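Let's have the full structure, built from the sequences with the hints guiding it.
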Amino acid sequence: MTLTDDVTLALLLAGCGFYLAGTVGLLRFPDVFCRLHALTKADNLGLFLVCSGLAVHSGEARVVSLLLLIWLVGLLAATVSAHLIARHAHQHLATSPEDSNEQR
Amino acid sequence: MTLFLLDGLIVVGLVTLAYQAVSSRSLFRGIIHFVVFGLTMALAWARVGAPDLAMAEAAIGAGLTGALMLVAYRRLVEGRSDSPADPAPAQSRLALPIAIGSGLLVGVIGLSALFSEVEPAQAGQAVLSELQQVDLGNPITAVLLLYRGLDTLLEVAVLLTAFLAARAVAGADGGEGSATTPAPETPMVGALLAVVIPLTVLVAIHLLRAGSYEPGGAFQGGAVLAGAGVLLILSGRIAATPVAGPLIRMGLLAGLVSFMLIGLVPLLKGSPLLALPGLWAVYFIETAMMLSIAITLILLFAGGGGLKRGRNG
Amino acid sequence: MDSLGLYVLAAAVLFGVGVYGLIVAEHLMRKLFAINIMGNAIFILLVAASGPIQGSPDPVPQALVLTGIVIAVSATAFALALMVRLYQETGQATLSSRDDGDDG
Chain A
0 MTLTDDVTLA
10 LLLAGCGFYL
20 AGTVGLLRFP
30 DVFCRLHALT
40 KADNLGLFLV
50 CSGLAVHSGE
60 ARVVSLLLLI
70 WLVGLLAATV
80 SAHLIARHAH
90 QHLATSPEDS
100 NEQR
Chain B
0 MTLFLLDGLI
10 VVGLVTLAYQ
20 AVSSRSLFRG
30 IIHFVVFGLT
40 MALAWARVGA
50 PDLAMAEAAI
60 GAGLTGALML
70 VAYRRLVEGR
80 SDSPADPAPA
90 QSRLALPIAI
100 GSGLLVGVIG
110 LSALFSEVEP
120 AQAGQAVLSE
130 LQQVDLGNPI
140 TAVLLLYRGL
150 DTLLEVAVLL
160 TAFLAARAVA
170 GADGGEGSAT
180 TPAPETPMVG
190 ALLAVVIPLT
200 VLVAIHLLRA
210 GSYEPGGAFQ
220 GGAVLAGAGV
230 LLILSGRIAA
240 TPVAGPLIRM
250 GLLAGLVSFM
260 LIGLVPLLKG
270 SPLLALPGLW
280 AVYFIETAMM
290 LSIAITLILL
300 FAGGGGLKRG
310 RNG
Chain C
0 MDSLGLYVLA
10 AAVLFGVGVY
20 GLIVAEHLMR
30 KLFAINIMGN
40 AIFILLVAAS
50 GPIQGSPDPV
60 PQALVLTGIV
70 IAVSATAFAL
80 ALMVRLYQET
90 GQATLSSRDD
100 GDDG
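Residue numbers (numbering that gives the first Met the number 0), protein chains in the order written: chain A, 0 to 103; chain B, 0 to 312; chain C, 0 to 103.
These are computed hints drawn from the structure, not numbers from a lab.
If you're wondering where the values come from, they're calculated on a predicted model, not measured in any experiment.
Incorrect hints may have been included.
[What the hints assert, rightly or not] To give an idea of the interface, some chain B residues facing chain C are shown, with a C-beta separation under 8 Å as derived from the structure:
#	residue
1	Leu2
2	Phe33
3	Gly123
4	Gly136
5	Pro186
6	Gly189
7	Ala190
[Claimed, not checked] Which bits of chain B does chain C cover? Going by a derived footprint, with three or more residues having C-beta under 8 Å, they are:
#	stretch
8	147-159
9	205-211
10	244-257
11	264-277
Using N, Cα and C, we set each Cβ at its ideal position, and we do this for glycine too.
This is the structure in structure tokens:
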């Protein structure tokens, strides 16, 4: 395996590790806000690592710029969704962990 | 070996998600499992060698079907403070044998098709060998519009019929219900729309044009455009009206009518029906179909007959 | 067994799961999930059982399945409209047949 393959593998594994961490946080954290915290931070960084791993693997400028665009749009979508969820949770739900667990 | 492991993981995920979708404890979880099932199916399509189908499944099968189901779920919980009554599964002793029997039937059919010694059908071979003469790079687009044009024509007709039928059984509220009431406006949603909507329209047009020589096509482009419309409805820029205005009606009928008219013209010259007169006909029909598909799916999501400027528009 | 055979088996199992869900589930939306799962299983059977033609994938089954996906979405949209109207008329989204006669 060449150096490019090693770097790609390392980046992809790190990205998947961050996704795993975010999913564990989603399942185990007690509150809507804690879960959003885990999801947005870990998943966005995981997406960045996966995209950069694929960019390193392909090496073409067109693919790299498309992956950058994908990451930015994914970042924007995740940010606004998290903002809207947190806003709804803050306005309509009780913020104690037991009550938040009852809501969908 | 690793690819086989990947396929195994995808298959296990598909079966688990499917089982969870039909038997999870709350309906909302079932909907989310179904959406993720659709996305995993997109992965499976990519693995089987069908990138067009992967895009179509991700856009239409997972995205739009999920949005339609969530809107229906919202209409089920309107005015109630709890989740909708989800009765316990029926006790049926025959369910498991019937399921296993039908699974075995499908398995036998599939494996016998896979391992049969019969000469495969000539249709695919003929398409691939004629592709150079037709100057279309994507064989699926060629099959859809040139060789099996009747299927595509009827498919657009089915989409329109489903929309008309959904309007016919809709209740008296006619689109003014609260199922798609937008949330109060925040600046972030405006920023998101300002970036994402032009990008989505660009991607949809690119998918339409790229369908001639790369994976893509009218259906994928139409579904992506419908996604933009769903976003506009959810943020209040567009709202539903009970009856469609003339522009919306023209958009709904554009795909079907243009395909029929251009398909009838060869009859006057003695060629068979739907023998399209050239590549320009393919491009024109695909553009009209993308527009029709997008408007139909947006109206199905909105739950009304037409569209107007919304509260936040 | 190669990966195409694995997907054929997956199609069989998915079809079985769909039939089971169709019979057992009570809520109409779950029956819709089950029907869609059965449809997706047959689609992947169609494409996986027809192998590649001289290396490139066979375009005819893929075009048929693309048509099938759009028709499945149309049917699902209509079925959802029917279900919502049934709920608005009767207040429940099931076709409960437990009152009249037995189930298998």
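Hint-by-hint comparison with the structure:
no.: 1; hint: Leu2; result: 7 Å, holds
no.: 2; hint: Phe33; result: 5 Å, holds
no.: 3; hint: Gly123; result: 4 Å, holds
no.: 4; hint: Gly136; result: 12 Å, violated
no.: 5; hint: Pro186; result: 33 Å, violated
no.: 6; hint: Gly189; result: 29 Å, violated
no.: 7; hint: Ala190; result: 31 Å, violated
no.: 8; hint: 147-159; result: holds (count 6)
no.: 9; hint: 205-211; result: violated (count 0)
no.: 10; hint: 244-257; result: violated (count 0)
no.: 11; hint: 264-277; result: violated (count 0)
When each numbered hint is compared with the structure, violations occur for hints 4, 5, 6, 7, 9, 10, 11.
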